[in-house]
Amino acid sequence: MSAPATSVARAPEGASGVDVAHGGVRQKKDRVGSLVEGWLRGHAVLIYAFLYIPIVVVVVFSFNATDRRVTQWEGFSLKWYESVLNDTVVQGALANSLIVATSTAVIATIFGTMAALGLQRAPRWFRAPFEALTFISIIVPEIVIALATLVFFSSTFDILNSLLDLKLRLGFQTIIAAHALFNISLVMLLVRARLSGMDRTHVEASYDLYGTPWRTFWQITFPQLLPAIIAGSLLSFTFSFDDYVITTFVSGAGSTTLPLYVFSTIRKGVTPATNAVAAVMLLITLSILLIGQIAVWRNARRSGQHGAQASVAGMITEQSG
Amino acid sequence: MATLSEAAPVRSGQPRRSFSSALLTGLLLLPASLWYLILLVVPLAIVLVMSFGRASRIGGYEPGFTLENYGQAFERSTPFITSLVLATSGTILCLLAALPLAYFIATRGGRRKSLLIVLLIVPFWTSFLIRTYAWLTLLGPDGLAGFIGDVVGDSGFRILGTPVAVLIGVVYGYLPLMVFPIYVTMERMDRTLIEASKDLGAGRWATFRQVTLPITLPGLITGSILVFIPLMGEYVIPAILGYGRVFLVGNQLVLQFLEARNWPEGAARAVVLILIMLISVVFYLWFASRGRRTREISVL
Amino acid sequence: MAEHEIDRAIRRMAHAPLSRRGFLWAGTMSASAAFLTACTGGGTSSTTAPAASAGAGASSAAIPADIEKQLFMYNWGDYVDPKNIDAFKAKFGIDKFTYDTFASNDELLTKLQGGAVGQWDVSAPTGEFVPAMREQGFIQKLDLSRIPNAKYIEKAFKGVWWDPTDEWQVPKDWGTTGIVVRSKIVKEEVKTWKQFFEVAPTYSGRIVLVDSPGDVFVAPLKALGYSLNSTVESELEEARALLLGLAPHVLALDSDQYNTKIETEEAVLGLVWTGGILELRDKPETADVVYVIPQDGTLYWLDTWVVLAEAPHPNAAHAFINFIHEPEVQARETEWNTYATPNSEAKKFIDPRILNDPAIFVPDDVLAKLEGAQDTSTNPQRLDIWEEFKSKIGQA
Numbered sequence: 004m005s006a007p008a009t010s011v012a013r014a015p016e017g018a019s020g021v022d023v024a025h026g027g028v029r030q031k032k033d034r035v036g037s038l039v040e041g042w043l044r045g046h047a048v049l050i051y052a053f054l055y056i057p058i059v060v061v062v063v064f065s066f067n068a069t070d071r072r073v074t075q076w077e078g079f080s081l082k083w084y085e086s087v088l089n090d091t092v093v094q095g096a097l098a099n100s101l102i103v104a105t106s107t108a109v110i111a112t113i114f115g116t117m118a119a120l121g122l123q124r125a126p127r128w129f130r131a132p133f134e135a136l137t138f139i140s141i142i143v144p145e146i147v148i149a150l151a152t153l154v155f156f157s158s159t160f161d162i163l164n165s166l167l168d169l170k171l172r173l174g175f176q177t178i179i180a181a182h183a184l185f186n187i188s189l190v191m192l193l194v195r196a197r198l199s200g201m202d203r204t205h206v207e208a209s210y211d212l213y214g215t216p217w218r219t220f221w222q223i224t225f226p227q228l229l230p231a232i233i234a235g236s237l238l239s240f241t242f243s244f245d246d247y248v249i250t251t252f253v254s255g256a257g258s259t260t261l262p263l264y265v266f267s268t269i270r271k272g273v274t275p276a277t278n279a280v281a282a283v284m285l286l287i288t289l290s291i292l293l294i295g296q297i298a299v300w301r302n303a304r305r306s307g308q309h310g311a312q313a314s315v316a317g318m319i320t321e322q323s324g
Numbered sequence: 005m006a007t008l009s010e011a012a013p014v015r016s017g018q019p020r021r022s023f024s025s026a027l028l029t030g031l032l033l034l035p036a037s038l039w040y041l042i043l044l045v046v047p048l049a050i051v052l053v054m055s056f057g058r059a060s061r062i063g064g065y066e067p068g069f070t071l072e073n074y075g076q077a078f079e080r081s082t083p084f085i086t087s088l089v090l091a092t093s094g095t096i097l098c099l100l101a102a103l104p105l106a107y108f109i110a111t112r113g114g115r116r117k118s119l120l121i122v123l124l125i126v127p128f129w130t131s132f133l134i135r136t137y138a139w140l141t142l143l144g145p146d147g148l149a150g151f152i153g154d155v156v157g158d159s160g161f162r163i164l165g166t167p168v169a170v171l172i173g174v175v176y177g178y179l180p181l182m183v184f185p186i187y188v189t190m191e192r193m194d195r196t197l198i199e200a201s202k203d204l205g206a207g208r209w210a211t212f213r214q215v216t217l218p219i220t221l222p223g224l225i226t227g228s229i230l231v232f233i234p235l236m237g238e239y240v241i242p243a244i245l246g247y248g249r250v251f252l253v254g255n256q257l258v259l260q261f262l263e264a265r266n267w268p269e270g271a272a273r274a275v276v277l278i279l280i281m282l283i284s285v286v287f288y289l290w291f292a293s294r295g296r297r298t299r300e301i302s303v304l
Numbered sequence: 438m439a440e441h442e443i444d445r446a447i448r449r450m451a452h453a454p455l456s457r458r459g460f461l462w463a464g465t466m467s468a469s470a471a472f473l474t475a476c477t478g479g480g481t482s483s484t485t486a487p488a489a490s491a492g493a494g495a496s497s498a499a500i501p502a503d504i505e506k507q508l509f510m511y512n513w514g515d516y517v518d519p520k521n522i523d524a525f526k527a528k529f530g531i532d533k534f535t536y537d538t539f540a541s542n543d544e545l546l547t548k549l550q551g552g553a554v555g556q557w558d559v560s561a562p563t564g565e566f567v568p569a570m571r572e573q574g575f576i577q578k579l580d581l582s583r584i585p586n587a588k589y590i591e592k593a594f595k596g597v598w599w600d601p602t603d604e605w606q607v608p609k610d611w612g613t614t615g616i617v618v619r620s621k622i623v624k625e626e627v628k629t630w631k632q633f634f635e636v637a638p639t640y641s642g643r644i645v646l647v648d649s650p651g652d653v654f655v656a657p658l659k660a661l662g663y664s665l666n667s668t669v670e671s672e673l674e675e676a677r678a679l680l681l682g683l684a685p686h687v688l689a690l691d692s693d694q695y696n697t698k699i700e701t702e703e704a705v706l707g708l709v710w711t712g713g714i715l716e717l718r719d720k721p722e723t724a725d726v727v728y729v730i731p732q733d734g735t736l737y738w739l740d741t742w743v744v745l746a747e748a749p750h751p752n753a754a755h756a757f758i759n760f761i762h763e764p765e766v767q768a769r770e771t772e773w774n775t776y777a778t779p780n781s782e783a784k785k786f787i788d789p790r791i792l793n794d795p796a797i798f799v800p801d802d803v804l805a806k807l808e809g810a811q812d813t814s815t816n817p818q819r820l821d822i823w824e825e826f827k828s829k830i831g832q833a
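Protein chains in written order, with the numbering used here: chain F, 4 to 324; chain C, 5 to 304; chain S, 438 to 833.
These are calculated hints, taken from the structure and not from any lab test.
Just so you know, these numbers come straight off a predicted model, no measurement behind them.
By construction, the Cβ of each residue, glycine as well, lies at the ideal position given by its N, Cα and C atoms.
Incorrect hints may have been included.
Stated by the list, open to error - Calculated pairs, SDA-like style, for lysine to any residue (alpha carbon to alpha carbon, straight line, at most 20 Å):
| id | chain 1 | residue 1 | chain 2 | residue 2 |
| --- | --- | --- | --- | --- |
| 1 | S | LYS720 | F | LYS170 |
| 2 | S | LYS533 | F | LEU43 |
| 3 | F | LYS170 | S | GLN507 |
| 4 | F | LYS82 | S | LYS520 |
| 5 | C | LYS202 | C | THR216 |
| 6 | S | LYS520 | F | LYS170 |
| 7 | S | LYS631 | S | LYS720 |
| 8 | F | LYS170 | S | PRO749 |
| 9 | S | LYS720 | S | GLU702 |
| 10 | S | LYS631 | S | LYS592 |
| 11 | S | LYS506 | S | PHE529 |
To be verified - Simulated restraints, written as ranges between beta carbons of each label pair:
| id | chain 1 | residue 1 | chain 2 | residue 2 | range |
| --- | --- | --- | --- | --- | --- |
| 12 | S | GLN732 | F | ALA68 | 55 to 63 Å |
| 13 | F | TYR55 | C | PHE212 | 27 to 35 Å |
| 14 | S | PRO638 | F | LEU171 | 55 to 63 Å |
| 15 | C | PHE291 | S | PRO638 | 32 to 40 Å |
| 16 | C | PHE23 | F | PHE220 | 39 to 47 Å |
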């Protein structure tokens, strides 16, 4: 990342460089140091295992040949995938979920980042109520906002439809709009957390060099914010993709998403088919990520960048230097 | 009010306050403001109006004016206290799990930083419900509980249906909301700063406390708010992994809105809940930012 | 009144000895193939089903010209055989058939009360929710001339209190709430709700109940000899005492995974729905699972087809309801979701192993005791009891 202009040149990545530089002095502390390193590493391994074990269970049991009980292994079979892939209801729900989640992520990321940037320039009288609303949007229990939003949509649509002869209905637009509320706040809080201690020396320097605000933003501010922006978009995609309560209330005909489908079928118990649905979801989102990754690689090769360093994920951390 | 903006003071010397600058500010804030106005303020007004009304005979809402619903809202506070305990312990556990992890990724991740972060979110691209059911298998009598039971020699050993199971599910579900904000602030932290601190003779712990922590604080605050608040309304994880033995604020609201279809009573309870939470958040931010300001001066 | 008629109806249905549920795929397939040729070709294949398919053939010969090309359904998940949907689409030239799902009646009703009217055409609430939907104008009166197949509905399911004139809904399928017992562990006799409460302390911590107040209240009220729909204060207070006595012994309130808990013997006694339990009896290791319909009476539920108010495609909606009650189509529905059908004619085509299953088709001695539910969900006393019960689960 960009170091403050006033500070020393960036230290080499990884601990080795540091150790070389300070080798002799640090001898005594090395024992403690390696203990800490080991603990950090072990902790990370544990957390990742914790996150992935249930996923492994889901994927493994989606191949279960059993007709009913998920957790009793009765042999390998792809039949559940076959049934899921032939099920138009599931396919429709999956497509709907992807449409909703992608749109929500785009909207929330752009508007949330804009708001975070605008807010630090805004006068105090505006900031206080705006921030209060940000927190309220997270505080409001989902079921409450979901119901109130439905009441709002349906009564507004009734009035508009009869006055202007429109045909507004519940559907994707209403789901996306309702999802965006929470996620705009989420992105905004993340970007603001990043902004809060951001080094302004570069921005000032850019202004001093008569850079336009536009150029200054894209060359200085934006790269520094990028990790937060991408973290925000990932989180908002995820929350929108997996939302149940709000979606139930503001969905219309033909806009049932996967969580709605899963909730409505699960009262018959989890079947290998349900697991197969989850595994397919995982597969699709992962392949989208991979396609993006390949696109970035190609791009990078064309522009002569090092392939290994450029990745979709890489944008999260690697910033223009 | 004490807000993040004060926790994160914008340094003076804002460039060129002029008409065009104000216009830009306005434009930047316009979409989010519209969203808040139309999809938050208006629905909240609807909830507020509802909370003074009456439930019709077959449920729903009937116009009217009564304060009775607010009287009801303060009855049965056990669910609120249970929720508070769950949310607090869940947040602390998430913090304990997230802090070292975010630190590890930010400082030791190197080139794989990005991959590590994406890998954190991938498990969430399945379905919440299915993931939670997977825990049912893992912690059940055929899983961890059975194993521990065998080791200890207690065949009746159980994890499911206990607070432990609920906490495992909660940490599992909310961890990214804690890791991400901490990570984005920590990642910004410059290694040179740490090295500088060490060169000045500061110990590992002192460096962490004096350099890392203050920089990370906005992330910690954001993360804990993002975990704590939704946890207060959580009810699905306790229902599944806690075997429906716990009755929380979320359950109470669902019961009132869906099953009993008494919208006014539910609305009144929601209004009270929102107010309590808002006050706590403001207080928390004020408290946290107070600490931060002094530290910031001492470090930077 | 309704109970009495159900009694008679089910006496008629429950005849041959039982066997386990299982799909006679060959039979199903050939029946559906015959059915498909019958309605797509428009020809009459009177070989498979003489009387019934003649009637069906007659009605399908004249497809009204005003059937819309779309149909929007709002239903429980996985509740209509996809093959029947495909057949319906083919028969009526439907281009767009959407199937959206809800997870509970409360959700459906709350959503309509929130204003989501005019979004869907056809839905399937449980009977006791029909009056509320009618009163609030969420459903429309059926044009029965478009649903001639309604004539196949058993008398027992006609004129039920939620729709005395049979103009607002057509019954879809039905089932019961009962007791499940792992008989190899629970040796005591559990044939009534009363016995259920008596043996409960012996199996403390191994009892599972569905997370649904309407069903849980059945146990104490029936054990006490009251109506399961009782809203009498003193009766409910007695029920409260029984429930609070039960609460410490309960392992879980669980509507989705109770069958897994029963299967793993984590729970050995339960208050459950017919659903997944039936399949457990099939496997050797869980063959001791018994589904009891309590002799002191219990609840039956009936899901109903309704056409929603301001439906965008009302004619297609009527056509669907009529289509789904074609006897062969309905038989396939029953085989697919294993709930009992109220369609008498369809029984001729149902796999006997399903038709003769006593857990689906109730044994004689308890028939008269079945009681339909009323919508008591807004009763404050019941809610209060339920909240208190829930907060005391598993707490000694």
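Status of the hints after comparison with the structure:
As the CA atoms of LYS720(S) and LYS170(F) are separated by approximately 53 Å, the hinted pair breaks the 20 Å bound. At roughly 55 Å between alpha-carbon atoms, LYS533(S) and LEU43(F) are farther apart than 20 Å, so this suggested pair is violated. Between the alpha carbons of LYS170(F) and GLN507(S) the distance comes to roughly 17 Å, so the proposed pair stays at or under 20 Å and holds. About 18 Å separates the Cα atoms of LYS82(F) and LYS520(S), which keeps this hinted pair within 20 Å; it holds.
For the hint pairing LYS202(C) with THR216(C), the CA-to-CA distance comes to about 12 Å; that is within 20 Å, so the pair holds. Among the hinted pairs, LYS520(S) with LYS170(F) is inconsistent with the structure: their alpha-carbon atoms are about 32 Å apart, more than 20 Å. For the suggested pair LYS631(S) and LYS720(S), the alpha carbons sit about 29 Å apart, so the restraint of at most 20 Å is broken. This hinted pair checks out: LYS170(F) and PRO749(S) have alpha carbons roughly 12 Å apart, not beyond 20 Å.
With a C-alpha separation of about 14 Å, the suggested pairing of LYS720(S) with GLU702(S) holds against the 20 Å cut-off. Proposed proximity of LYS631(S) and LYS592(S) is contradicted: the alpha carbons are some 32 Å apart, above 20 Å. For the suggested pair LYS506(S) and PHE529(S), the alpha carbons sit about 8 Å apart, so the restraint of at most 20 Å is met. Distance hint check: the CB atoms of GLN732(S) and ALA68(F) are about 40 Å apart, inconsistent with the given range 55 to 63 Å.
Take TYR55(F) and PHE212(C): their Cβ atoms lie about 28 Å apart, and the range 27 to 35 Å holds. In this structure the supplied range 55 to 63 Å holds for PRO638(S) paired with LEU171(F), their Cβ-Cβ distance being about 58 Å. With their beta carbons about 49 Å apart, PHE291(C) and PRO638(S) fall outside the hinted range of 32 to 40 Å. Between PHE23(C) and PHE220(F) the beta carbons are some 19 Å apart, a value that contradicts the proposed interval 39 to 47 Å.
Of the hints listed earlier, those the structure fails to meet are numbers 1, 2, 6, 7, 10, 12, 15 and 16, in rising order.
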